[in-house]
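A.B. asks: Just so you know, the sequences run in chain order L and G. Following my numbering, the numbering of the first sequence begins with 4 at its first residue and continues without gaps. Following my numbering, the numbering of the second sequence begins with 51 at its first residue and continues without gaps.
Simulated from the structure, these hints should not be mistaken for laboratory data. Since we're looking at a predicted model, the values are computed, not measured. This list has only true hints and no planted wrong ones.
As a list, the in silico SDA-like pairs of lysine to any residue whose alpha-carbon atoms are at most 20 Å apart:
1) L:K115 <-> G:K109
2) L:K115 <-> G:K279
3) L:K138 <-> L:E162
4) G:K110 <-> G:G277
5) L:K111 <-> G:E111
6) G:K110 <-> L:A107
7) L:K115 <-> G:G112
8) G:K186 <-> G:I264
9) L:K255 <-> L:N245
10) L:K275 <-> G:R166
11) L:K111 <-> G:T245
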Amino acid sequence: MALYLNLALKNVFRQKKRSFTLGINYAIVTFILVLLFSFSQGARVNITSNLVRASAGHITVAGQYVVVGRVFQGVLRYPEVERTARQTLGQDISVLPRYIVRSALYYKGLSKRVTFVGIDSSLETGFRDQIRFLKGSWQEFVDGENAVVMPAEIANYFELDYDDEVLVSTRTRFGAFNTATLKVKGIYETGNFFIQSQLLSHFAFLQGLDLADRDAASALYIYLPNPAGLEAKRDQLVKALNLTGFEAKKPKDENSALAAVTAASPRYEVDKRGIDRIELTVATINEVLGIVRTVLNAVNAVGTLIAAVMLFIIAVSIFINMRMSINERLREIGTMRTIGVEARGVTGLFVLENILLALIFTLAGVVLALLVVLLLRTAVPLPAGGNLGLFLNRGRLSLVPRALDILLIFAVITGFTALFSFFPARRGGRIRPVEALTKVF
Amino acid sequence: MRRTIFAVAVILLILAAAVDLAAQPKQNDPRAVKIVQAYEDRLNLRGLDITTTFTLVQKKEGETDRVLRVRVYRRDAADTFTLMFEYPDSEKGKGYYRSGDDLYLYLPSTREFVYRNRKDDVGSTDVRTDLFGQPKTLDQYRVSYLGAATVSKWECDVVRLDGKALDVSFPVQKWFFRRSDGLPVKTENYSVSETLMRTFYYIDYASVARDKYIFTKLLAVNHLEKGQKTFLTNEKVSTAAIPNYTFSKAFLEEQSR
Chain L
4 MALYLNLALK NVFRQKKRSF TLGINYAIVT FILVLLFSFS QGARVNITSN LVRASAGHIT
64 VAGQYVVVGR VFQGVLRYPE VERTARQTLG QDISVLPRYI VRSALYYKGL SKRVTFVGID
124 SSLETGFRDQ IRFLKGSWQE FVDGENAVVM PAEIANYFEL DYDDEVLVST RTRFGAFNTA
184 TLKVKGIYET GNFFIQSQLL SHFAFLQGLD LADRDAASAL YIYLPNPAGL EAKRDQLVKA
244 LNLTGFEAKK PKDENSALAA VTAASPRYEV DKRGIDRIEL TVATINEVLG IVRTVLNAVN
304 AVGTLIAAVM LFIIAVSIFI NMRMSINERL REIGTMRTIG VEARGVTGLF VLENILLALI
364 FTLAGVVLAL LVVLLLRTAV PLPAGGNLGL FLNRGRLSLV PRALDILLIF AVITGFTALF
424 SFFPARRGGR IRPVEALTKV F
Chain G
51 MRRTIFAVAV ILLILAAAVD LAAQPKQNDP RAVKIVQAYE DRLNLRGLDI TTTFTLVQKK
111 EGETDRVLRV RVYRRDAADT FTLMFEYPDS EKGKGYYRSG DDLYLYLPST REFVYRNRKD
171 DVGSTDVRTD LFGQPKTLDQ YRVSYLGAAT VSKWECDVVR LDGKALDVSF PVQKWFFRRS
231 DGLPVKTENY SVSETLMRTF YYIDYASVAR DKYIFTKLLA VNHLEKGQKT FLTNEKVSTA
291 AIPNYTFSKA FLEEQSR
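Hey, can you work out the whole structure from these sequences and the hints?
C.D. replies: Shown next as structure tokens:
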């Protein structure tokens, strides 16, 4: 075997030009696939972690409630939902209530529609750890009842500075307009795509602005110390909530899961069932990311298609190369057969040569791809507000290569090469020694 | 003993005053009711079919003027109206149909009717659809008399409106009624927290029947958007009978073809 390996290694680069041409094809396919899988995995990890830290929990509870024939968005009796969650999932979970209002912000005659996220600053630290204050501070935000913290982009649009007062006007959930004054206590920048356009305010302040009850929230984000077995834990919670008098359910599809975490507080609608009730949608982060997963799968599919086309070209190249190689090495084949090498031995040698060529250039492709990944992850900053914002982690493209993916690429390319070189190699192996030694091309 | 009686009397007086104060906004002020009823009588065109063409010019600082023209068919007796956009071409075919409290926006691009708040803003201007129908102030608001004021050259009575429920867009309003004919010349719209949001100036009215009026010029000023105003003129007012079919969704669909 060692002899074969040694011989095959020597033969790999006998026809340098031909071998390099084919090898570069292997390297390009590998390069594309490694980058693609790294991007896909990076995007998945990045989006999940950023979303979990910003706009969703491991489990998110949202919904709607009906009071005297009017359907309002949000969660009523949220302290009771929190209690039930703790009893069901353990006391060590974190439960964060949010109140979200989409409304217009006015300052010196300018206006813009923005999203206000109301947080309970005594519980929530996720935002604090992800934003970098350019002006003001977290403590000043916590101390001010009507404080607002906004991204630099919005502050620049209004030419706002620390301590400026802005007017917010919203159509409340009842339909009437309400207005309030907010004081800028922080201007921030962040690398988290999901919070880069959010204005932070206090939970109770937004509740008041929307004329909501004290026990109403837009959503509850539940964070578990161990998110394994999320679906089963969610099912337990749904069951427990139903026993407590809520009408809880899983989201019917990925769209409704996404709608649950982006729920704000629009004007009420008229109820048709005629019963006061609280309907809850309990979504897991995996369901929320369903749409993202679909998009990434599509990206992977396109990349794989490109790789498949290239592999097809490689298959044709292997075939032609082998035919030419066998024709050129007829005397060598004849000699091997004469000294007792069997037909399958000759076939094996040719296949091995091709596999070695594939492995060498696949390795080169992997190394090159990993270098590019390293370069993009460390040395190429991209704007958070740009088209690639969703895929950035701290201003750099999030690329996560996995050993499993690389092994898979090696396995597929090796298997593919073995398959497509086997048939022409077998033909070479089957040539009789006399024919091989006497035939002239 | 005297002291005790005095203390009890003071407490009772304070309680009575508090009860009275709390009850005040829940009751209509008869004088204000009379003023509002008189105005509604003048602007209520029951028994008449009205066809008019409104032109809305929206002015925004730093932007070119936006012009909209709408044709309105109104029948107060049936509490209905149909509104069709005539200009610009991008809005042509769009329209509203109101029947009672139900208001539908027709979108020709998708050929569907969207249920809307009866106070929907017309073409994203400061003018709302309820301006084109008959007023129903006392159904939605409690009214109180605030005193007299001068608006331009007119002596006016000022009436405050407080929404009975919070499902009205502007739960607090101040109306200035001209004493000479009882018609409003200015209305101020406030938010729940009583921030002035919009002011409407009724510049001119036209008489369409004996003691019945319709406004012909109106200016809406947005106090939150700097320099944003909408000027509305009402032309080609006709009281000719309108076919019943006009007050239907089918009419809007047909006109958009």
